[in-house]
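Here the protein sequences line up with chains A and B, keeping their order. The first sequence begins at 171 in this note's numbering and counts up by one. The second sequence begins at 4 in this note's numbering and counts up by one.
By construction, these hints were calculated from the structure, which means they are not laboratory data. Do not rely on the hints blindly, as some may be mistaken.
Taking lysine-lysine pairs in the DSS-like style, the calculated list, with each CA pair at most 30 Å apart, reads [what the hints assert, rightly or not]:
#	chain 1	residue 1	chain 2	residue 2
1	B	K231	B	K220
2	A	K333	A	K419
3	A	K456	A	K364
4	A	K206	B	K202
5	B	K203	A	K363
6	A	K431	A	K419
7	A	K364	A	K419
8	B	K182	A	K257
9	A	K456	A	K363
10	A	K253	B	K202
11	B	K203	A	K257
12	B	K202	A	K257
13	B	K364	B	K381
14	B	K364	B	K342
15	A	K257	B	K194
16	A	K257	B	K188
17	A	K258	B	K194
18	B	K243	B	K5
19	B	K220	B	K250
20	A	K253	B	K203
21	A	K206	B	K194
Partial chain B-side listing against chain A, Cβ under 10 Å, derived [claimed, not checked]:
#	residue
22	K24
23	K56
24	V57
25	H61
26	A71
27	A75
28	A77
29	M99
30	V198
31	K202
32	P209
33	G211
34	V212
35	F219
Even glycine gets a Cβ: it sits at the ideal position worked out from N, Cα and C.
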Amino acid sequence: MKEAPFPESLVAPGHGACAGCGCILAMRQALESLGKNVIVTMATGCMEVVTTPYPWTAWRVPWIHVAFENAAAVASGVSAALKSLGKKGVKSVAIAGDGGTADIGLQALSGMVERGDDVLYICYDNEGYMNTGIQRSGLTPFGAWTTTTPVGKVKRGEDRPKKNLPAIVAAHGAPYVATASVAYPADYMNKIKKAAAIGGPTYVHVLAPCTPGWRIESNKTIEVSRLAVLTGFWVLYEIENGKLNVTFKPPKRRPVADYLKMQGRFKHLTDAEIAEIQRMVDGQCKRFGIE
Amino acid sequence: MKQTLTGDEAAAIAAKLARVKVISAYPITPQTIVVERLSEFVANGELDAEFIKVESEHSALSACVGAAAAGARAFTATSSQGLMLMSEILFVASGMRLPIVMANANRALSAPLSIWCDWGDSMAVRDCGWVQLYCENNQEVLDLTLQAFLVAESLSLPVMVCFDGFILSHTTEPVDVPKQREVDKFLPPYKPRYVLDPKKPVTMGPMGVPEYYEEFKCMQQEAMRAAKEKLVKVGNEFGKRFGRRYKLIERYHSDDADVILLTMGSLSSSAKELIDRYRARGEKVGLVKVRSFRPFPVRELIDALEHAKAVAILEKDISLGSAGALFIDTAAAFINVEKAPLMLDFICGLGGRDVETLQIKEAIRAAARAAESGEVRKAVRWLGLREKLVGLRV
Numbered sequence: 171m172k173e174a175p176f177p178e179s180l181v182a183p184g185h186g187a188c189a190g191c192g193c194i195l196a197m198r199q200a201l202e203s204l205g206k207n208v209i210v211t212m213a214t215g216c217m218e219v220v221t222t223p224y225p226w227t228a229w230r231v232p233w234i235h236v237a238f239e240n241a242a243a244v245a246s247g248v249s250a251a252l253k254s255l256g257k258k259g260v261k262s263v264a265i266a267g268d269g270g271t272a273d274i275g276l277q278a279l280s281g282m283v284e285r286g287d288d289v290l291y292i293c294y295d296n297e298g299y300m301n302t303g304i305q306r307s308g309l310t311p312f313g314a315w316t317t318t319t320p321v322g323k324v325k326r327g328e329d330r331p332k333k334n335l336p337a338i339v340a341a342h343g344a345p346y347v348a349t350a351s352v353a354y355p356a357d358y359m360n361k362i363k364k365a366a367a368i369g370g371p372t373y374v375h376v377l378a379p380c381t382p383g384w385r386i387e388s389n390k391t392i393e394v395s396r397l398a399v400l401t402g403f404w405v406l407y408e409i410e411n412g413k414l415n416v417t418f419k420p421p422k423r424r425p426v427a428d429y430l431k432m433q434g435r436f437k438h439l440t441d442a443e444i445a446e447i448q449r450m451v452d453g454q455c456k457r458f459g460i461e
Numbered sequence: 004m005k006q007t008l009t010g011d012e013a014a015a016i017a018a019k020l021a022r023v024k025v026i027s028a029y030p031i032t033p034q035t036i037v038v039e040r041l042s043e044f045v046a047n048g049e050l051d052a053e054f055i056k057v058e059s060e061h062s063a064l065s066a067c068v069g070a071a072a073a074g075a076r077a078f079t080a081t082s083s084q085g086l087m088l089m090s091e092i093l094f095v096a097s098g099m100r101l102p103i104v105m106a107n108a109n110r111a112l113s114a115p116l117s118i119w120c121d122w123g124d125s126m127a128v129r130d131c132g133w134v135q136l137y138c139e140n141n142q143e144v145l146d147l148t149l150q151a152f153l154v155a156e157s158l159s160l161p162v163m164v165c166f167d168g169f170i171l172s173h174t175t176e177p178v179d180v181p182k183q184r185e186v187d188k189f190l191p192p193y194k195p196r197y198v199l200d201p202k203k204p205v206t207m208g209p210m211g212v213p214e215y216y217e218e219f220k221c222m223q224q225e226a227m228r229a230a231k232e233k234l235v236k237v238g239n240e241f242g243k244r245f246g247r248r249y250k251l252i253e254r255y256h257s258d259d260a261d262v263i264l265l266t267m268g269s270l271s272s273s274a275k276e277l278i279d280r281y282r283a284r285g286e287k288v289g290l291v292k293v294r295s296f297r298p299f300p301v302r303e304l305i306d307a308l309e310h311a312k313a314v315a316i317l318e319k320d321i322s323l324g325s326a327g328a329l330f331i332d333t334a335a336a337f338i339n340v341e342k343a344p345l346m347l348d349f350i351c352g353l354g355g356r357d358v359e360t361l362q363i364k365e366a367i368r369a370a371a372r373a374a375e376s377g378e379v380r381k382a383v384r385w386l387g388l389r390e391k392l393v394g395l396r397v
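The whole structure should be built from the sequences, with the hints applied where relevant.
Put into structure tokens, the structure is as follows:
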């Protein structure tokens with residue numbers, strides 16, 4: 171028998187993720203980069219729910235879920251056990267969504283990074299509490315509709331900008347912090363590989379669309395993800411030992427309207443509101459040295 | 004070898020003797036000495052373990068869950084608010100059947116803030132699926148903590164060893180500390196049934212759909228039932244090796260007693276002294292001490308109490324809107340028993356209030372009066388309450 175051209179996916183098919191789910195893609199790409207010698211701790215959320223309805227599991231690596239806000243702490247415990255039992259060559263990896271990372275899990279993440287625990291933490295950011303039916307999180311972007319930031323006569327979607335989580339983690343002095351996108355798998359997987367190889371707390375934040383939450387067609391996941399980067403709405407970079415490196419600079423930045431107009435969650439935005447978001451994106455790009 | 008130890012030190016030494024591999028804990032009064040001593044043991048190289056200095060109790064227990072799932076013997080310690088912050092993960096740890104051992108120095112719950120002893124903290128989580136043992140003295144703290152690991156690991160059940168804050172945690176007593184090699188013979192290294200290992204991947208903590216959830220809970224209940232036998236077996240084995248035998252309950256002059264005091268923890272010590280005085284006068288008063296509150300020793304308590312005319316329950320907790328937890332469970336134990344003693348519940352010592360001999364006498368007198376008259380006018384009472392402050396006669 172001939173070998174299959176690709177290694178067996180460590181996140182098995184048959185899971186219950188939506189068609190076009192950006193997050194499950196982020197899982198598969200991460201695991202493909204990491205390989206088998208990992209122990210994955212996952213926070214409560216979409217990826218946990220769709221992959222492990224007992225007695226089924228999509229995980230071909232050792233995997234544990236405990237609760238929503240504590241993936242970092244559980245992964246610290248796994249890491250400590252590996253160290254204490256002298257088990258070498260196994261990486262403790264924590265995975266959580268934006269809510270489980272930036273909101274309810276921020277304290278545990280802060281503790282993990284500050285203690286210098288040997289854990290790679292991956293945040294899959296779909297910009298809201300999608301598992302519970304699209305509510306806003308601290309990482310929901312300005313202007314976005316969610317069920318808790320509805321568009322009404324007085325309020326027009328999310329009224330606060332997205333929390334800058336990678337910067338918060340970097341401020342702890344983590345040796346490696348990176349952002350990524352599922353539309354740039356080589357960049358993402360390189361960062362995962364790098365982050366896993368560095369001992370100590372490392373952090374990769376991957377933007378991953380939620381088709382029902384972002385109100386996009388299931389075949390638009392990659393296109394939307396790519397536009398997030400090409401418009402400068404989402405910047406791909408890494409901070410290694412405090413040194414910033416933008417890993418991809420869009421050659422000619424597209425207007426943010428191209429990104430926003432593809433998504434139902436932004437469809438209420440007026441030209442003036444889009445112009446305001448463009449100003450925010452311009453400011454962000456300037457800080458990263460992107461034209 | 005006898006050493007003079009506080010309850011906290013006894014717990015820390017027990018964890019060291021158990022050769023725990025991962026400790027994850029956050030300081031809180033009155034548990035603090037436990038984490039201080041364990042930090043010293045690790046810092047001095049006396050204990051080969053990883054001590055994760057977490058940022059909260061929630062993370063303390065979460066890290067223990069991760070460590071236990073990855074195959075390490077894991078230990079934590081807390082009190083009061085800390086236990087409350089852990090409460091979410093208490094249920095997860097037991098549901099995932101991870102044999103974590105915890106020392107809980109019992110302390111009252113806020114509000115108002117109190118750092119002093121009562122059992123409100125551990126009683127608030129009595130449904131969390133952890134074995135709960137209550138210690139009378141510092142020797143028991145050490146002995147039961149050692150036994151806790153064996154019970155926990157053989158049944159895949161987490162165990163909470165509770166001891167009265169300050170009364171035991173900060174009070175020194177002579178404690179017989181067994182030799183390491185003797186403990187090693189009693190307690191072999193942890194061999195997990197299931198472990199997170201890339202060589203044989205398993206999924207832990209999946210989503211339990213309605214077709215399966217109830218069975219998981221039933222299996223936990225079954226493990227709790229099995230824990231009764233296991234606690235006795237381990238208590239016997241411990242007795243053979245170290246000369247101190249342990250059972251689910253302890254009977255003290257209760258076999259022929261008309262009036263029995265039922266209590267737990269360090270209250271038993273004060274009560275025993277009082278029982279001796281009654282006995283010296285020929286009065287048939289006895290004591291039964293509950294050591295294992297979870298699993299609740301229903302059969303053992305029926306055997307120990309059914310001949311009595313009245314039982315006075317002394318407890319440092321109250322399930323607000325109902326009664327004390329020990330009373331509720333003891334009363335429930337007798338629900339289908341033909342001849343049950345009368346039962347009176349005495350809430351006492353909340354928030355560290357001293358329980359004086361005079362008050363225990365008052366409880367015994369009230370139970371004796373009930374035994375004589377055959378009726379209980381008021382089942383739940385408060386002992387040592389400053390009635391003027393609340394403007395009530397209780």
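Taking the hints in turn, this is what the structure says about them:
Between the alpha carbons of B:K231 and B:K220 the distance comes to roughly 17 Å, so the proposed pair stays at or under 30 Å and holds. For the given pair, A:K333 sits about 22 Å from A:K419 by alpha-carbon distance, which is consistent with the 30 Å threshold. Distance check on the hinted pair: A:K456 and A:K364 sit about 27 Å apart at the alpha-carbon level, within 30 Å; holds. This hinted pair checks out: A:K206 and B:K202 have alpha carbons roughly 9 Å apart, not beyond 30 Å.
For the given pair, B:K203 sits about 23 Å from A:K363 by alpha-carbon distance, which is consistent with the 30 Å threshold. For the proposed pair A:K431 and A:K419, the alpha carbon gap of about 22 Å is at most 30 Å, so the pair holds. Distance check on the hinted pair: A:K364 and A:K419 sit about 20 Å apart at the alpha-carbon level, within 30 Å; holds. A hinted pair counts as satisfied when its Cα atoms are at most 30 Å apart, and B:K182 with A:K257 qualifies at roughly 29 Å.
Taken as a hint, the A:K456 and A:K363 pair is honoured in the structure, with Cα atoms around 29 Å apart against an allowance of 30 Å. In summary, the hint linking A:K253 to B:K202 is supported, as the alpha carbons are separated by about 17 Å, within the 30 Å threshold. Distance restraint check for B:K203 and A:K257: the Cα-Cα separation of roughly 14 Å lies within the 30 Å cut-off, and the hinted pair is therefore satisfied. Taking the CA atoms of B:K202 and A:K257, the gap is near 12 Å; set against the 30 Å cutoff, the hint holds.
About 17 Å separates the Cα atoms of B:K364 and B:K381, which keeps this hinted pair within 30 Å; it holds. At most 30 Å may separate the alpha-carbon atoms for a hinted pair to count; B:K364 and B:K342 meet this at roughly 26 Å. Under the criterion of a C-alpha separation no larger than 30 Å, the hint pairing A:K257 with B:K194 is consistent with the structure, at around 15 Å. Restraint check for A:K257 and B:K188: the C-alpha separation of about 25 Å stays at or below 30 Å, so the hint holds.
Taking the CA atoms of A:K258 and B:K194, the gap is near 19 Å; set against the 30 Å cutoff, the hint holds. Of the supplied pair hints, the one linking B:K243 and B:K5 holds, its CA atoms being roughly 18 Å apart against a limit of 30 Å. A hinted pair counts as satisfied when its Cα atoms are at most 30 Å apart, and B:K220 with B:K250 qualifies at roughly 26 Å. For the given pair, A:K253 sits about 19 Å from B:K203 by alpha-carbon distance, which is consistent with the 30 Å threshold.
Pair hint A:K206 plus B:K194 holds up; C-alpha atoms about 23 Å apart against a cutoff of 30 Å. Nearest Cβ of chain A to the Cβ of B:K24: about 4 Å, under the 10 Å cut. The hint holds. Here the hint on B:K56 is kept, as its CB sits about 7 Å from the closest CB of chain A, short of 10 Å. The beta carbon of B:V57 is positioned within 10 Å of a beta carbon in chain A (closest approach about 6 Å), and the interface hint is therefore held.
Satisfaction of the interface hint for B:H61 is found here, the shortest Cβ-Cβ separation to chain A being roughly 6 Å, below the 10 Å cut-off. The interface hint given for B:A71 holds, since its Cβ lies 8 Å from the closest Cβ of chain A, which is under the 10 Å cut-off. Taking 10 Å as the C-beta contact cut-off toward chain A, the hint placing B:A75 at the interface holds, the least distance being around 4 Å. A cut of 10 Å between beta carbons decides the hint on B:A77: the least distance to chain A is about 7 Å, and the hint holds.
Against a cut-off of 10 Å between C-beta atoms, the interface hint on B:M99 holds, since the closest Cβ of chain A lies about 7 Å away. Using the Cβ-Cβ criterion of 10 Å, the hint placing B:V198 at the interface with chain A is satisfied: the shortest such distance is roughly 8 Å. Satisfaction of the interface hint for B:K202 is found here, the shortest Cβ-Cβ separation to chain A being roughly 9 Å, below the 10 Å cut-off. A least Cβ separation of about 4 Å between B:P209 and chain A falls short of the 10 Å threshold, and the interface hint therefore holds.
Taking 10 Å as the C-beta cut-off, the interface hint given for B:G211 holds, the closest approach to chain A being about 5 Å. Hint on B:V212 holds. Least Cβ distance to chain A is approximately 6 Å, under the 10 Å limit. With its C-beta approaching chain A no nearer than about 9 Å, B:F219 sits inside the 10 Å limit, and its interface hint holds.
In this structure, every one of the numbered hints holds.
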